[in-house]
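**Student:** Protein chains in written order, with my numbering: chain A, 1 to 332; chain B, 1 to 254.
Worth flagging that the hints you see were computed from the coordinates, not collected in a lab. Be a bit skeptical, because a hint or two may be false.
Here are the simulated SDA-like cross-link-like pairs (lysine to any residue), alpha carbons at most 20 Å apart as the crow flies [stated by the list, open to error]:
hint	chain 1	residue 1	chain 2	residue 2
1	B	LYS196	B	SER6
2	B	LYS88	A	SER216
3	A	LYS78	A	VAL293
4	B	LYS196	B	ARG212
5	B	LYS88	A	GLN219
6	B	LYS88	B	TRP136
7	B	LYS80	B	GLN169
8	B	LYS80	A	VAL293
9	B	LYS88	B	GLU29
10	B	LYS80	B	ASP105
11	B	LYS196	A	MET204
12	B	LYS88	B	ARG55
13	B	LYS140	B	ARG119
14	B	LYS80	A	LYS78
15	B	LYS88	A	ARG207
16	B	LYS80	A	TRP218
17	B	LYS88	B	LYS140
18	B	LYS88	B	SER167
19	B	LYS88	A	GLU208
Not everything, but these chain A residues come out facing chain B in the computed CB check (under 8 Å) [unchecked claim]:
hint	residue
20	ASP136
21	PHE206
22	CYS210
23	TRP211
24	VAL224
25	ASN228
As the structure is a prediction and not an experimental result, all values here were calculated from the model. Think of the CB as a built atom: it goes at the ideal place given N, C-alpha and C, for glycine as much as any other residue.
One-letter residues, chain by chain:
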Amino acid sequence: MNGHTIASPAREVREVRAAPLEPAPHAPPPIQGEHLFIAGRVELRKRAAERWASALLLIATGALTVPLFVILAYLVVKAWPALSWVLLVQNPTHYMREGGLWAPLVGTVDVVLLSLAFAAPVGVLAGVYLNEYAPDTWMTRLVNLGVLNLAGVPSIVHALFGVGMFVLAAGFGRSVLAASCTLAVMTLPVIIASTKEALAAVPMAFREACWVLGASRWQTIRTVVLPNAMSGILTGVILQVARAAGETAPILFTGAVFYVSVPDHGADALMPYGWRDPFMALSYHLFTLVTQVTGVADALPFATAVVLIGLVLGVNALSIAVRLRLRTRRRW
Amino acid sequence: MPADASAVVFNDVTVRYGPAIAIEHVSIEIPRHQITGIIGPTRSGKSTLLKCINRMVDLYPGRTVDGEVLVDGVNVLRVKNVHDLRRKVGMVLPLPVGLPLSVYDNVALAPRLAGQHDRRELETVVELCLRQAALWDEVKDRLHALATTLSGGQQQRLAIARALSHSPQILCLDEFSIAVDPVTTMKIEDVLIDLKQHVTILVSTNLVQQARRIADQVVFLNAGRVIDIGPTPVIFSEHPGNRLTFDYVRGHFG
C-alpha cells in the first residue's frame, strides 16, 4: 500500500483496476464474470462432505423403512388368499382352521381399551405432578429415575408381576381385568415419561406470563400448559395403545387363552367377555395358530398378522390425525 | 410525608439466591402515582427488586428474602394469598410473550381466572386495556387471531394490556424494551406517562435515557445496593447524590 493516510476515491479505483493487469507469472487467470463465484478448495471439500452426509442419512433412513415395506408387502401377499370381510366379522371355526378372527380381535380391543382407561388418566396426572408441582428433591429425582427404569423393563417381567399381583394376590384370576391391569402397569411408565416430556416442551415463559396475572398453578396448567402439551401427550398415550395391542407376554399368563366361545353377532358381540373371564387376543391367537394347531391353511396366520398390524397402524394413523388437528392451534 | 404518599416501601430488604446476594439492605420508598425508574448495570438487582413486590421471587428455589416490603402498609413478604397480591401488582416481563390463545383471550384471561364471565363486561375490559396499551387500533380487526402471530412489539403491548386487565394499583415493567423496536418503545413510554395518573409505575431499564425521559424519580442500583435515589432532574444533574451516579448516567462505566 502507499503511504497516504487519506486516499482519494479516484486513486482507489485506479488501483483496483490496475491489479489484474499485472498478473504474477503462472498465476491463474483473473477471476471475473461467471467465474467470480466459483468454488475454491475449501468450498469443494465442504460440498463433498455435505454430499456424503446426506447420502449416509438417506441410506440409514432407507435401511429403516425398506424392511418395513418389504415385511408389510410379504405379509399381505402371503395372506391374500385368506383376506376377506369374513375374517373380521366371524369367529374361528373348525378348531381354528377356518372362519374369522372376531373373538380374538374384539378381545384385544376390549383389553387394550380397559388398560388405557386405567393407565392414561393415572399416567397423565402423575406426569403433570412430576413436571409441574414436584419440588426438585432427591425423592423426586428417585421417582423420575424409577419411572425411566420401569419403562425399560421387559414385558415378560411385567407379566410375572401381573401374575403375582393381579391374578393371585388381588384374586382376579386369569381374566380380562388381570390382563388389562398388567398392560396398564406396563404402559404407565412410558405414558408418564412422554407426558413429562410434552409438558417440559411448553416454554417456561408462558407459565411465568400466566403467574404474573395472579393465576394459580392449576389455572396455569389448565389454560396454558395442558392445551399446548396435549398433542404430545396424546401421541405418547396412543403409541402405548399400539404397543399394548401387540404385546403377547403380559397377557399370556394373565388371561389370554386358546379358545373361548363368544357370540360374533348380536348385542353382546362388542363386549363378549366378562370382566372375570379369560379371553382371546390377536397376538396370542397368532402364536397358537403357528405353533399349536396343525393343518391350518398357510394364509391364515399371515392374515391374522395383517389384521393385528392393521389395528396398530390404524391407531397410529389416528394419533397422527389428532396431532395434526391439535398442532394447527399451536404456533409459537 | 403523609403515610399514604408511598405506594411501596422497602425496609432493609436483602435477597439471596443460595449464597449469591442479589440485593442487600435496600431501603427505598416508591411514591404513589409516579413513575420510578430503576437503573443500574446488568446483575445489579433491578429485576429482583421488582420481583419482591409481587413475590415472583418465590419461584426461585433456594432464595431467601429478609426485611419487609410494604405495599399500602402491608408486608407482602408475609402475605399468604400471593394470587391476590399479583393481581394488585401487575408485571410486564422483559421478553414479549403472547400466550398461545387468541388476542381477546389473552386480555380476558386474568378477569376470567378471577371469576368474571359476563361477556359484555369482558368485552369492555378487553377493549379498554387494549386501548390503554395503544394496541387496539392494530388488533381490533383480528381479536380472535392467535396472539403468537403478532409482532414482538405488539406482543409486548399485549403483555401490558394483560397486566392492566386485572386493574393493578402498581405496575412493574422489567426492561420492557429490550426486545422491542424504538417506535414501539416510544409508544409504550407515552402509554406509561398517561397511565401514571391511575397507577404507580416502576420501570427497570438498561437505557439511562429512557429513565430520564419518563421517570419522576430514579433509583440507581449497583451490585445489589442502592447507590443513589432522587428526583430525575437531580440524578441527571451535574451534582447527583453520588459520584458513581454521575459516571454511570454519562456512560463512564457500567
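**Student:** Keeping to a limit of 20 Å between CA atoms, is the pair of LYS78(A) and VAL293(A) held or broken?
**Tutor:** holds (19 Å)
**Student:** Identify whether the interface hint at ASP136(A) stands, where standing means a beta carbon of chain B within less than 8 Å of its own.
**Tutor:** holds (6 Å)
**Student:** Given a cut of 8 Å on the nearest C-beta pair, is the interface hint for PHE206(A) held or broken against chain B?
**Tutor:** Where the cut-off is 8 Å and the nearest Cβ of chain B is about 6 Å from PHE206(A), the hint holds.
**Student:** Decide if the proposed pair is consistent with the structure: LYS80(B) and LYS78(A), CA atoms, cutoff 20 Å inclusive.
**Tutor:** Violated, at roughly 70 Å.
**Student:** Holds or violated: LYS88(B) and GLU208(A), Cα atoms, limit 20 Å.
**Tutor:** With a Cα-Cα distance of about 16 Å, the restraint between LYS88(B) and GLU208(A) holds, given a limit of 20 Å.
**Student:** Against the 20 Å threshold, does the CA-CA distance of LYS88(B) and LYS140(B) hold or violate the hint?
**Tutor:** violated (27 Å)
**Student:** Verify the proposed pairing of LYS88(B) with SER167(B), using a straight-line Cα cut of 20 Å.
**Tutor:** holds (7 Å)
**Student:** Please work out if LYS88(B) and SER216(A) have their alpha carbons no farther apart than 20 Å.
**Tutor:** holds (15 Å)
**Student:** Do the alpha carbons of LYS88(B) and TRP136(B) lie within 20 Å of each other, as the hint requires?
**Tutor:** Cα-Cα ~23 Å, so violated.
**Student:** Could you grab the alpha-carbon distance between LYS88(B) and ARG55(B) and see if it respects the 20 Å cut-off?
**Tutor:** holds (12 Å)
**Student:** Given the hinted pair LYS140(B) and ARG119(B), is their alpha-carbon gap at most 20 Å?
**Tutor:** holds (17 Å)
**Student:** Does the interface hint hold: is CYS210(A) within less than 8 Å of chain B, judged Cβ to Cβ?
**Tutor:** OK, holds: CYS210(A) within 8 Å of chain B, min 7 Å.
When the structure is compared with the earlier hints, violations turn up for hints 6, 8, 10, 11, 14 and 17 and for no others.
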